[in-house]
Amino acid sequence: MIRLIAIVVSLFATTALAEKMKLAVTTSFHNSGLSDLLLPVILEDTGLEVQLLIVGTGQALRLGEAGDVDAILVHSEAAEEVFVENGFAPYRREIMYNDFVVVGPQTDPADIASADTAVDALTRIAIIKAPFVSRGDASGTHKKELFLWTSIKLDPKLFGTWYNAVGAGMGASLNTASGLGAYILTDRASWLNFANKGELDLLFEGDPILFNQYAYLPIDSKRHPHVNIQAQRLLESWLTSKRAETLINGYTVDGTNVFVFNAFR
Amino acid sequence: MNEIWAGIVEAFRLIITLDRDLFEITLRSLQVSMSALIIACIFALPFGTWLAIRRFRFRRLTIATLNALMGLPPVVVGLIVYLLLSRSGPFGVLGLLFTPTAMIIAQVIIITPLIASLTHQAMRELWAEYHDLLISLNTTSRQRILTLIWDGRRALLTGALAGFGRAIGEVGAIMIVGGNIDHATRVLTTAIALETGKGDFALALGLGFVLIALALLVNFAIHTLSRTEQEGTW
Amino acid sequence: MVAGINLVALRAVCVKRRSKLILGPVSLDLKGSGLTIVLGPNGAGKTTFLKVLHGIERISSGSVQWSMADRSVRRTQSYVFQRPVMLRRTVRQNLAYPMKLLGQQASKIDEHVIYWANQIGLTEMLNRPATRLSGGEKQKLALGRALIRKPKILFLDEPCANLDGRSTREIETLLLSANSSGTRIIMATHDLGQSRRLATDVVFLLNGQVHEQGPAEDILCSPQTSEAKAFLKGEIVE
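Residue numbers (this note's numbering), protein chains in the order written: chain A, 71 to 335; chain B, 846 to 1079; chain C, 882 to 1119.
Check the hints yourself; a few may be wrong.
Listed below are the simulated EDC-like cross-link pairs for lysine to aspartate or glutamate, each with C-alpha atoms no more than 20 Å apart in a straight line [claimed, not checked]:
1. K267/A / D1027/B
2. K267/A / E1040/B
3. K90/A / D1027/B
4. K981/C / D977/B
5. K90/A / D977/B
6. K199/A / D169/A
Calculated directly from the structure, the hints in this document are not laboratory data. Keep in mind that this is a model prediction, so the values were computed, not measured.
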């Protein structure tokens, strides 16, 4: 009984020991499983407790603008540059990349497995109007998908009911795709870590256009004086360190390498 | 059916191995919802009782408003509280966003109208019964409220439990204002949402069964503690 | 209460409910001692009359003037309702309630509770939930609860209406005892026998009007008005 009370009391008390910071990251980053690996190591190496808010890219950027987090880690270069331009972050620091793949029903009715390019694959899907699930949430993944459609001059707004914009995170979208037996653009890491694959299979990969760059953006303390500058710097230097490089490059899911470290030191 | 069974098995596994994470988020769920319940009751019980015994001009309007507030969608409450507590919002300086306190605030707003309304209904009946006697005995407003609350405690307890049930099962608002941060603001419902989103249904179901068991346990405990059931007609 | 001194004076008191006159105009004086029976058939306005005196019924016009300070009026009065209101507590707690309201000490309250439980014959049932008593027991409890704070004035609204002969006798004994200890009693009833047994003076009500008022022997043995005569002969039921 005393033990129970002690535990309850300790929950109310604030831990003043570890330095804390709030980092907004995308669902695809979390779903890859990499954050579960890195966070404890970061705590051990630097004494920094990184509190992750796992949200879509859009919300991560808004949290950064509002100053509700100390830094963000996202994968949407164009949006990041606007973010920096508007003065919310002093700069963006590239950390690592993974790639997007197209998964779909094993039967592959659009035969994208034999497509040459990502754009070709998507075109085939659009032609036969095969069921397709889109993130639909202004995330990095979503923006990449839209970019592909516009490069072949197609407007998703004009697509029929075969195109399902779910407005959800990577995992939830994959769930829907699995349930519908639909095609979906996803990052490799989330796909490998996804536990409900059902009848879905990885059908298309390898096109360089599907390159997915992650960057770290600390929130500008001139805009939001309350941010934890110390912690920002600490985390950034860890993320670009040799230690991080080894861990990130060595991280595998199902035997596959998922991320490639590419930070400049 | 397979997945439901897998969920039950997973729930057992988590409990029997005294899974540390499960213990932590369960405790946090209880802490947040219990705190919200207590604070909500401090407002709702006297207010609901007062509303039952007072006659004033806007009484009907107040009651109607209270009943309407019960239908406030929790996720909308979450969004509004978030905007208020955000650094760019009016109360940003308090730094409460993404803390258990923010979650408690949101839940208090959600369950107070419910408890107040249920209190009002129960107290209205009791007041009709006690009305003549309490007036004859020259009681003050405070004495009336205390007498009604004490004698009507069984009905009020049921109302409070309804509020607790609503709080502990809530996910939309606390996801928004809490952020579902691991080791900080993650509770059973938000963890279930997260695991479901990852496609890990067994774990999500396991957590779900733990949540159900928890709600039942609290219900049980409160009734036993107050011994109201044992006293029969009370 | 000092005999002969005016206790309360009513002048042209009217009670209207939804523009309908249900009592009045009533003008009378009540003296400081005795046991007044408010007599009349059902629907005569006895309950309203008692409530007006006790101050829990609003009057539409007229005045009610007590001989004591305004502040102490309600505090020195107790009221026993026609259907006794039982708190959802034990007999003991019901008896203790009026004294608890006044912030009395627990030990003192206990003393009084035990004394009065004895007086009303409910000593064995002190720990029973009051809602589980019989009709007669509830009425006795209500009476005990009314008397426990030693009121100067006790109002009763047909306390024996739903009781058997034995309970009625027990309650009448209690009332007479309380009256002789100095409690002024004003009681409504339609029971003639009870009136004869208890009253020192009578107020006769019919259709919201006071038709006669005076010492018990006068009203009950030689009524003046035709209405009172008819009632005493048993000709008026409702």
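- Message: Taking the earlier hints as the rules, which of them does this structure contradict?
- Response: 1, 5 and 6
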